Each structure stands twice: as structure tokens, then as C-alpha cells.
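I would like the entire structure built from these sequences, with the hints used as guidance.
Sequence lines, in order, name chains A and B.
Start counting at 1 in the first sequence, then tack on 61, and there's your number in the working numbering.
Start counting at 1 in the second sequence, then tack on 12, and there's your number in the working numbering.
Keep in mind that the hints were calculated from the coordinates and are not lab data.
Keep in mind it's a predicted model, so treat the numbers as computed, not measured.
Heads up, the beta-carbon is just placed ideally off N, CA and C, and yes, glycines get one too.
You can trust all of the hints, since none of them are fake.
To give an idea of the chain B side of the interface with chain A (calculated C-beta under 7 Å), a few residues: (1) Thr132; (2) Glu133; (3) Gln134; (4) Asp136; (5) Ala137; (6) Val140; (7) Ser141; (8) Gly142.
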Amino acid sequence: MTTNSNTKIKQEITSQKQPIIKLENLKKAFGDNVVLNGFNLELFEGENLVIMGKSGSGKSVMIKCLIGLTEVDSGNIEIMGKNLRSLNQNELNELRTEVGFLFQGSALYDSMTVRENLEFPLRRHKQKFGIVNDTTPLVEEALNSVGLLSAINLMPAELSGGMKRRIALARTLILKPKIILYDEPTSGLDPITSKEIIELMRNIQSQYNTSSLIITHDVDCARVVSERMILLIDGVNYAEGTFNELSNSKDEKIKAFFKH
Amino acid sequence: MFGFTSIERFFIEIGDFTYFTKRFFQEIFTKPFEYKELLRQCYNIGNKSLFLVSVTAFIIGLVITLQTRPTLQEFGAESWMPSMVSISIIREIGPVIIALTFAGRIASGIGAELGSMRVTEQIDAMEVSGTNPFKYLVVTRVVAATLMLPILVIIGDAIALYGSYIIENLKGDVSLTLYFTKAINALSYTDIIPATIKTFFFGFAIGLVGCYKGFNCDKGTVGVGMAANSAVVFASMLLFILDFIAVFITDIFFEI
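Right, dumping it as C-alpha cells:
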């Protein structure tokens, strides 16, 4: 189900920009459990696209397929014009520097300090930034952009949930990606911290001019950050449109997402 | 796993483990090499096991001597004590007991560490950042375990012999020089070399099993406990199988 006005919005965006991510007919099953059953997606340059779906609807599986962490059964994945499934490991690693990923649970390395967490992605990509030895300016810049420079020498265990999420975002930003994938960026956070993270996401998009694909079931997050939304139900794009279009839909399945 | 019988699961596990081992040998010889992490793991695995290994070995030395002495005394053969203890410790008891202690500490530690990294998506985060997590986490730990266990066994053997000497000295008034002269004279290269070589295989097996269980951990936090537990069980079982193979091969070549 795709609304007419959404087709218009998509046409407007398409006429100006090229899709930076394109998923075609994505299928993935775990045994008899079909998670994705022909999912399609196009993310355009500079766009914020939100994917909403119930827990267990396959949102996280989809985003992991997109970055090559989970192998798809069939379908086409194109990122910045490159077919993900035809890349070798080195080419995939190279492409991954252009795609940041904010994990649901932050995924900070427990055994490393905040500084080491941020330095870690730079280890194999120093040439990209012309770094000889000292990574401090890049680390400080990334920490400044999330407002946590003071936490540079702390261990992850010493950080609150919100701080962990911010540091994880800083780690995502350090490679200056063109695309950022957010997997439930506000899950497990209190409402105030969630708002701070959402605000941060918007600031980052304007500061770094990134395209964002946001997986969430937080309606407030979707309302604030989305330019376009896709509802993922039963492994397919059930509906697409702007937040207002979908939230005013008469369809019962769609309405269920926006009930408080 | 989806609807497999336990026999099928067993063979799937063997297949996965074989594939994991093959991947280890592919990754170990390809660049980039993680030297810094390897050194850090050598420190973690070697240095941090030293105290446990030393205490275990010392007690083995004491106990073997205490329990064997009355029997040897009965036959008037107490003077054979250093030779008997050194051969049994160097050939078999030292490597096996120290490897089992090492497996209990290292295989479970690696299994739990990598398992928790897997369930908290830290391994995925490494992969996404363009670092090969297999090379960074698995290869370094397996190589460190392979290199550190033989060193720990050599140190442990020496400490066990010292423990044995203390009992001998208390009960029979033997000097340190005399005890160690007798103990070392009783050994030949065919006792020392095969026993040392097999500890490399023990270390490799312990590191590999711990990494395999941790790296492939699932089922959330419950899975972490299962990974740690099954790593110790699987590694210990593998140690005895490897020990049998090592003794069998040694017997063929050196007629022990």
C-alpha cells in the first residue's frame, strides 16, 4: 500500500537526487520463519527515512542485511552504486567506511576507554584522513559533536545509557560516513534522553550532511526526524508516506502504530 | 537449530568447528597482522594464568611425593623418588594437569568474553568499522594460547619438582642439588621434546575451542554462560584425545 502523495514526494526527491541505497525484492528466512518477503527501499542523498515495524518484524535483520552482517537469501542491495553481494571483503570494508551504524545497545567495546573506542575504527583507515600517528584531533572533534569531550578517558561501564548512545554516535561519526544507519536509537532511554538523542541526530545530519536510515518503533522519534516513512509489516513495505499521511491513515494496521 | 536431531546437530557442530579451524589457518597468514593485540593477549593469557598454574603445579609436586613415598619406602627405593617424580611430571602429569587448569581458566574466559561481545553486538560493530573481528579477536587469542601454554608448562614442571623436593627434604633430608641432579639425570630428550611439542597442540586446542564457542554464541546472556561452560567441557575432552594421539605417536617413534 503506497499513498498517492507519497509517490509525489518520492518523485520530487527522485527528480533532484540519486538513490544512495537501493534494496530490491529482499528475502530472508530463518528456517520456516520468513522475516523479509520481498522488501524494497530507496534512500536518497540527504534524506531521513524512517522504517517502522513491530518488534520482531525484521527491521533489525533488514538493516544488518543492508550492511552485510547477515546474508540475504535473495534480492539486490546497492549502496552508492555498488552491488553489495558482488563485493569482496576488502571492497566491502572500504564501502563500510562510508556507512556508519549506530547499534541498538550502543555496542561500545567494554575493555577499551572512550578514546580507544573512537580510535578503533581509524586503525585501518588512517590514510583516508591523512593521519600519521596522532588521532586526537579527530577523536576530540567527534566527541565535541556529541557534547562529551569530558568523557574521553572513561570506561563504558562508567557511562549512563544516554552517554553510551552518544559515544556510540561519536564512534559512528569518526569515519565521516555519508550514510548513517540507526537501529532503534532511542530504545531503552528515558523520554528526556530520547529527545536529546533525537536532537543530536538532527544536528548531525545538518552538520555532516548525511543520509539517514532510522529503524524505530518510537513514534515521537519518527515524527521529529522523518522526511519519509516505510511501515514494515509481514516482511514487505506495507505502506509508505510522510509521518502525517501515515498517522492520519484509516487503515487499521497502520493506525495501530500511532495509538498511544 | 531448526528441527535437527541431536546426531545431526553433533555433525553440524563438527562441520562448523572444522570450517572455523580452516578459517583460522586462512586468516593467520594474511595481512594485516595484529601484533599489538597479540602481545596484549600473550600478557593476558600467559601472565594472568601464571599464579594459578604455579599453585596447581606446586601442590601436584607435594601430593605425588607424599603419596608415592610410603610405597617406595616399603621396597627400600626412596632414592628413586626424584627420577620417578621427574619422569611422571615432565612426560604426562605436568602437561595434562596444567593444560586442564589452563583450559578451565582460558577457554571459559575467552568463551565468555567473545560470547558477551557477540550478544552485545561488539563483534558486529568491529566488522562494520572495517576491522576483521576474526583476525583481531580469534587469531590473536589462539596464537597467544598456543605460545603461552608450553612456557607455563615448563615453569609449572619446575615448580612441581621443587614441591616434590620440599617433601623429600623434610622427610629424607635430601639437598636441592642432589635432588635436581637425580631428577634431571633421569630424563632424556625423548621425555622432554614430545611432552613439550604436545603442549603447543594443547594450547592451540584450548584457544580455538574457547574462541569457537564464544564467537558463535547466541541465545542472549544465557548463551554466554553456555559458551563458557561448553568451551571448558569441549576443550578438556579434546585435550585427552590429543594426549592419547601424542602418546601413541611418541610410542611409535621413540618406543617409550
